[in-house]
Amino acid sequence: MIKSVSQISSRNGWSCVLSLLIVLFSAAAFGSTYTIQIGAPNGANDTLVLQGALDECVNYHPAGCEIRLSAGMYLSGPLTTTNFHGSIVGKGMDATVIDALP
Amino acid sequence: MFTKSDIAISDLTLRVAGQPAGGCQGFCVLALLGVVGQTGSVSATRVAFEGEPGPDTGFGAYNLYGGLLVQGNPEIKADVQVIGSRFKNMSEAIRVWGVAESRVSIGGSPADANTFDNHVIGIYIPEADQSVVNISQNTVVNSDVGMMIVQNGEWDHQPANFTIRHNQMTVSGYSSVFNWNTGIVVVDLLPANYGEPASSFELSNNDIRLANCPACDGIEVNVTEGAVVTGNKLSGTAVDGIWVWASDGCMLKANNLLTLTSSWADILLDTDYLDTPSVPTTNCTVVGGDPKNTIWMDSESTDNTLVGVNNMHRNPPGPSVRNAMLKKAQMGKGTKALQR
Numbered sequence: 449m450i451k452s453v454s455q456i457s458s459r460n461g462w463s464c465v466l467s468l469l470i471v472l473f474s475a476a477a478f479g480s481t482y483t484i485q486i487g488a489p490n491g492a493n494d495t496l497v498l499q500g501a502l503d504e505c506v507n508y509h510p511a512g513c514e515i516r517l518s519a520g521m522y523l524s525g526p527l528t529t530t531n532f533h534g535s536i537v538g539k540g541m542d543a544t545v546i547d548a549l550p
Numbered sequence: 004m005f006t007k008s009d010i011a012i013s014d015l016t017l018r019v020a021g022q023p024a025g026g027c028q029g030f031c032v033l034a035l036l037g038v039v040g041q042t043g044s045v046s047a048t049r050v051a052f053e054g055e056p057g058p059d060t061g062f063g064a065y066n067l068y069g070g071l072l073v074q075g076n077p078e079i080k081a082d083v084q085v086i087g088s089r090f091k092n093m094s095e096a097i098r099v100w101g102v103a104e105s106r107v108s109i110g111g112s113p114a115d116a117n118t119f120d121n122h123v124i125g126i127y128i129p130e131a132d133q134s135v136v137n138i139s140q141n142t143v144v145n146s147d148v149g150m151m152i153v154q155n156g157e158w159d160h161q162p163a164n165f166t167i168r169h170n171q172m173t174v175s176g177y178s179s180v181f182n183w184n185t186g187i188v189v190v191d192l193l194p195a196n197y198g199e200p201a202s203s204f205e206l207s208n209n210d211i212r213l214a215n216c217p218a219c220d221g222i223e224v225n226v227t228e229g230a231v232v233t234g235n236k237l238s239g240t241a242v243d244g245i246w247v248w249a250s251d252g253c254m255l256k257a258n259n260l261l262t263l264t265s266s267w268a269d270i271l272l273d274t275d276y277l278d279t280p281s282v283p284t285t286n287c288t289v290v291g292g293d294p295k296n297t298i299w300m301d302s303e304s305t306d307n308t309l310v311g312v313n314n315m316h317r318n319p320p321g322p323s324v325r326n327a328m329l330k331k332a333q334m335g336k337g338t339k340a341l342q343r
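Chains as they are written, first to last, in our numbering: chain L, 449 to 550; chain S, 4 to 343.
In case anyone wonders, no lab produced these hints; they're calculated from the structure.
Because the structure is a prediction, the values reported are computed rather than measured.
A couple of the hints might just be wrong.
[Said to hold, decoys possible] Output of the computed footprint for chain L on chain S, the stretches with three or more beta carbons under 8 Å from beta carbons of chain L: (1) 11-17; (2) 24-37; (3) 47-59.
[Said to hold, decoys possible] Think about it this way: if two alpha-carbon atoms lie no more than 20 Å apart in a straight line, the pair counts; the simulated DMTMM-like pairs of lysine to aspartate or glutamate are: (4) S:Lys7 with S:Glu53; (5) S:Lys256 with S:Asp293; (6) L:Lys539 with L:Glu514; (7) S:Lys236 with S:Asp278; (8) S:Lys7 with L:Glu514; (9) S:Lys256 with S:Glu205; (10) L:Lys539 with S:Glu53; (11) S:Lys330 with S:Asp301; (12) S:Lys80 with S:Asp9; (13) L:Lys539 with S:Asp14; (14) S:Lys256 with S:Glu199; (15) S:Lys80 with S:Asp115; (16) S:Lys80 with S:Glu157; (17) S:Lys330 with S:Asp278; (18) S:Lys7 with L:Asp503; (19) L:Lys539 with S:Asp115; (20) S:Lys7 with S:Glu104; (21) S:Lys7 with L:Asp542.
Beta carbons are placed, not taken as given, at the ideal position from N, Cα and C, and that holds for glycine.
Using the sequences provided together with the hints, build the complete structure.
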């Protein structure tokens, strides 16, 4: 099953479109690891998207979860999670960047 | 920050770029990837951890304190693996603090090599209890201390097994934090302070190049029992090559010091005068690869066996060098100051 989610966020006068493409592989068909494919960075602030993916893994797929990032530069504030069991995979050391917003 | 988590991260860059307008209070970011709690695991494969130079914080001039932080509360059972990754521009690239019953592997085979560039400390392990730690095939440059392991017993007092093998380091410059630059430092306070068995340390086949550092050495083996230092190559110019301090039963063998120019001696077997009574270095065996290798023993460090090295029988260096060494050693023993 493939699920696409788009949301509009407004923060500090900035409006941006956060697009999150969630690819759900049926656990029954493909094993126990659930995969979330994150869309391209939005260019402003990707914290909500990244934190949302972590929360999705923890809350609904505690046994195993993979977050796949696209190429590009994500901008993110602090991300925190408890009981995450899974992986975060980019497209390459110099292709996928998460820039911490100080 | 991951709590009670098992995380594998790969094929990306984690970075702190620049500073906000007005700057940061101290470091802008404390750690790019943190794993805390009482259980967990972390692996980083082909990950770049990058900060940038920033204002001087007193513990390095960077906008980022740490790259990978694993910290127990009070201890964490956490396997740690870092391979094929690079670290640049932060005070501490990797800190693994308070792990217990864990396996820590940084590097491994040549294909697993990590690189570390521009840090106060490249790899820092303040405490590992009943754990196996392997640090191999890494390259460290432009750092005050390449690798520092201190068994300080703050949480538990169980020995661990440390192997530091086939790493390459370039030691240069002057450390404003330590007033002394070093390739590898190991300290084990468990036997003396807690009466527990000693941790085992094998430092072998490391290549340490020392240049343009007014106060530096290659390897420091402090307050250990049975440490093995073998097959290492030290080259360039330094105060000394290998400094053994307040240790018992060490084995120094087949280390290549032929292209090292030391202002004091190639190898030191030295006494801890900071404690009362003082603690000498005893029962060590030093087997040199060349009679030109020089060794110096202080007057209290006796019962050592020397083979194929030139015992210098000379006075210690001047007070400025001596005081810098002792100050550095004191910081190593009192590492809580570094941990907070």
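For each hint, the structure was consulted:
1. 11-17: As far as the region 11-17 of chain S goes, the hint holds, because 7 residues have Cβ atoms under 8 Å from chain L.
2. 24-37: Our answer is that it holds, as 4 residues pass the Cβ test (under 8 Å) against chain L, meeting three.
3. 47-59: holds (count 3)
4. S:Lys7 with S:Glu53: Judged against 20 Å, a Cα distance of about 25 Å means the pair is violated.
5. S:Lys256 with S:Asp293: Between lysine 256 (chain S) and aspartate 293 (chain S) the Cα gap is close to 11 Å, so the pair holds against 20 Å.
6. L:Lys539 with L:Glu514: 13 Å, holds
7. S:Lys236 with S:Asp278: Judged against 20 Å, a Cα distance of about 32 Å means the pair is violated.
8. S:Lys7 with L:Glu514: Given pair lysine 7 (chain S), glutamate 514 (chain L) holds - Cα atoms ~17 Å apart, limit 20 Å.
9. S:Lys256 with S:Glu205: Holds: lysine 256 (chain S) and glutamate 205 (chain S) sit about 12 Å apart, inside 20 Å.
10. L:Lys539 with S:Glu53: 17 Å, holds
11. S:Lys330 with S:Asp301: 18 Å, holds
12. S:Lys80 with S:Asp9: Satisfied, since the Cα-Cα distance of roughly 11 Å is no more than 20 Å.
13. L:Lys539 with S:Asp14: 6 Å, holds
14. S:Lys256 with S:Glu199: 27 Å, violated
15. S:Lys80 with S:Asp115: Violated, at about 23 Å.
16. S:Lys80 with S:Glu157: This hinted pair holds, its Cα atoms lying about 16 Å apart.
17. S:Lys330 with S:Asp278: Roughly 13 Å separates the two Cα atoms, so the pair holds.
18. S:Lys7 with L:Asp503: 14 Å, holds
19. L:Lys539 with S:Asp115: Judged against 20 Å, a Cα distance of about 19 Å means the pair holds.
20. S:Lys7 with S:Glu104: 16 Å, holds
21. S:Lys7 with L:Asp542: Violated: lysine 7 (chain S) and aspartate 542 (chain L) sit about 29 Å apart, past 20 Å.
When the structure is compared with the earlier hints, violations turn up for hints 4, 7, 14, 15 and 21 and for no others.
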